[in-house]
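Start from chain A and add chains B and C according to the hints.
Chains as they are written, first to last, in this note's numbering: chain A, 5 to 472; chain B, 22 to 196; chain C, 83 to 446.
Any given hint could turn out to be false.
What the hints assert, rightly or not - Calculated pairs, BS3-like style, for lysine-lysine (alpha carbon to alpha carbon, straight line, at most 30 angstroms): (1) C/K226 x B/K178; (2) B/K178 x C/K89; (3) C/K413 x C/K89.
Calculated from the structure, these hints are not laboratory results.
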Amino acid sequence: MSIWPLQFRWLGQSEYLFSNDSGAFFRSDERFLRRYTEERLTEEDYQFLSDHDFAFSDVGDAPFLGHAYHWMKRLNTAAELNYVILVPTLRCNLTCDYCQVSRAAETAKGFDWTESDLNLVFKILSEVKGDSLKVEFQGGEPLLRLDLLQAVRSFVRERFKYAEFVVCTNLQSVSKEAWQFFESSDTLISTSLDGSPDLHRKLRTKSPDAHDEFLSNLGRAMAQFGPERVSALPTLDVNDLPDPAEFVEQYAELGIHSIFLRQVNYQGFARKVLHQSNSTSWYQFYRSVVHYIIEKNHCEDLAMEEFYLSHLLRRVIRGGQNNFVDLRNPNWLGIDYIVIDFDGKIYPTDEARMLSRVRHIDLAIGSLQTGLDQQKLWQLNQAVSNFDDPDCAHCVYRPYCGLDVIDDLSRYQRVDLPRHMTHHCNKHMTLFDYAFELLYSESPVVRSSVAKWLGLTSLPDNVCLVHK
Amino acid sequence: MTKKFLVTSLLAAGFPATGADALVAPKPTWQNQETAKIFSVFRQAHTYTLAGHSSHRSHSSHASHRSSSGGYSAPASPLPLYTPPLSDSTPPSSILPSPPATALRTLPGNTAAFTNIAMQVQAALTAYGYYSGPIDGIIGSASRTALSKFQADYSLKVTGTITPEVLDAMGIVAK
Amino acid sequence: MIPLQLKVQTAAHAEPLVFRLRNDEHATDIVPGKDAFLKSRSGNLAYYDLDGREIQVALPSGETCDNDVVMVLPGRSTAHRLIRSASRHNTLLVTEQCDQLCVMCSQPPKASHNDLFRPFFDACLLAPREAVIGISGGEPLLHKARLFDFLFMVHLNRPDLCFHILTNAQHFEEADVDFLRQLDQSKITWGVPVYASSAEIHDRIVGKVGAYATLQSGLTILAKAGARIELRTVVLRSNLGALGALARTIATRFPYCTVWAIMQLENIGYGRQNWQLEFADTSTDFVAVKAGIDVALAFGIDVALYNFPLCTVPSNYRIYCCASISDWKQKFLPECDHCIAQHTCCGFFEWYPEDRGFERVQRL
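Okay, chain A solo, but in the shape it has when bound:
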């Protein structure tokens, strides 16, 4: 019998979590770990490992192939271009403190696509080989150039069999034509809704009138299109965190059940003072919010979630889930999605665009005029796979995790730091620890929410294995 190599992590006391490359996992204790490392496994050990396909007998047998399939499913195979982020204008009608792209003033000139830029965008899109495309409009404020949005949408609808559009807008000022634009079922809205009304106003809308206008637009969007077509994402200031209960209730009142907890990333205009994200208070807040959601789900029979935690849980249990581009392995850059800026420059991710804008590092991978710089892409893509990282290779969470080269660059100006020294790694270690804590929880209230987050009515007992 051949046992797939196991990675492990100490969970406290005498408990350990084990996993192998296919992402299959189980909990056991220190004595098992000793038996495993000292090569004196018992009959019961072998039986457990064999019963649950942590081992195989012959290359190519049924357990072997199952393992291979799971391993394969966890890989992000590079696909044809199917997702583009378009920035038709850098101008904006708000002046948010933490704006990461250093937006341009609403009346400024020279910050929009020219006619020729638009035609080049059409040219690039017409060369896409697949039959589906997701287009995300960013900015500045995309609604300031509704005409460009309409032109792109018409073009893409005609050219692609499956098309989906997302408008990332501040919903501050929505014209009649813009509301009409939103009416199509293939068009989604993504907006910001910060920690609390006060915070949102402080950072973004500034005046009470402007804030009311935003709220009214958001309310109308939710009423007309529903939570399936409108997402509202918070950006939270770690030094000014809201009360978890009030925070969750604000979203619940709007009918938004999926909350994505994100910290302000102090780049862009807020780079004047470098804020350290205070880990302890952030994760305390995080756990409080999740705990509140779990209780609320139980009391009111809801299915609210913290989006990223649900995503991690799905990655752990199911694999796949590679369309959320921030966490995948290998995290190919500039292959299945690109960002096209207002000036025609092309970037691998939106954050890469922001870093380049603030002169941090030049991550442009080409332009509409000159095409893609294959050599630069090749170089960037040398560092996107956690198979290649000597620290990740030994991590119990490696199969579910992935690298974020751009985040490392933004914080440390280097991509080759030992993993445990990076924010990305620390964040994911903490979150995965929490995810597994919830998965193995015996509390029925917790299990009920975990089930809902996995899209189930209840969480069966044999999903998470324990070996004693």
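This is chains B and C only, laid out in the frame that chain A set:
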């Protein structure tokens, strides 16, 4: 005047050097055929949208329970069926190492065998003077008309399709 | 019940006659020698002309049988409706031989075999565009070489057709992978029964020692060929308690299957003989099935419920039900009158025993 960048190059950021031989930058390629095979064998189709966080999965059509009405009672002697050649020829291009971008596509190689035989049939029809269209492996109406004429002339049952008798008459045989 | 055989009269013939019934003489897609045109009707008797051969067919009431593909065997006076053009449920019975003896078998095996692959090939070429054609038995792969030839030749001429092949996966060999990869596997679904992840239980249910072990290697061969696999599990008292474990095994060991179909028992063949022993009334106790479904879904395995009337399934699991009972053997009960879900429900088998079946049947 544009400010300089804080980090001056990818090299300075810890990315490996490109080297002189990295002039033609390939898309990431697979190191060996076996891996490529696994990818082209297992196919997935999931799409996901962030807004609303809903996922759309492509639903495969569910086949229903199948059983029959009962047997066909009269004995019949098995009529000849053609045995197609097994693939000892070039493997389908999707199994050879290729940029991962193609790994997710439906295997064109699955139908290479059909196209191959169809092209041989079209070539034969052309040689015998029944067909003058493109030899592209696609049996359209021109090919079918040619097949019918061929069958009539060779006293075969006229169907306009590639039957085992047609293949025999043309001398297109298994491996 | 929809009749699948029609009374016919025609002059003697030495080979099986395969032809398509056409009511429209002015159709443009005529296949010479294969299309029989309606000349006249008298009551339910219809007279067709197949290239000079006169054929009299007794049509079933309420049906025109237009574009149906039928087969008449030499010396017989019945036409088998191989492909009914207006139906989604057409199955070709390629053999009655089988190497297993499942306790719920709806088509008990026979020792003899009639090879009808050539008439079936002729019939498939006349099928409506994009038709889905079932291949069943007995065990079709007992005649693997002929079956593979048949599949290849049909796809050569009709790449638009889809097949749904039922097989116990006992007869695949590594060497088959190459051939299978030449077929367009996106057009074939392989329906493979598995009853438990315990060899003891599975082997006992299918009546063959070693079946489970061979099944596993059969599935790996299909997987390597890129096949679409529909795993099928009939719910029985014998395997009810093992559904949760089976679900986990499927998720871990056969995650590449396209769908896991959990099926209710059909009261025909051995299923009828063993009904009392094996029927599990899931309308009163859905716990075991729920356990199986929940585990499979947790791991991302697609699940379907076949032959479960909607009212016998808890409301939040009804989305997995589908209209799985073939039209020709489907019926509804008096309780179904005015049920709002009748058009999506699979209904009941023609031979469903109302006195010994589900306790809870009620209109929705």
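Verification of the hints:
1. C/K226 x B/K178: Holds, at about 27 angstroms.
2. B/K178 x C/K89: Roughly 26 angstroms separates the two Cα atoms, so the pair holds.
3. C/K413 x C/K89: Roughly 24 angstroms separates the two Cα atoms, so the pair holds.
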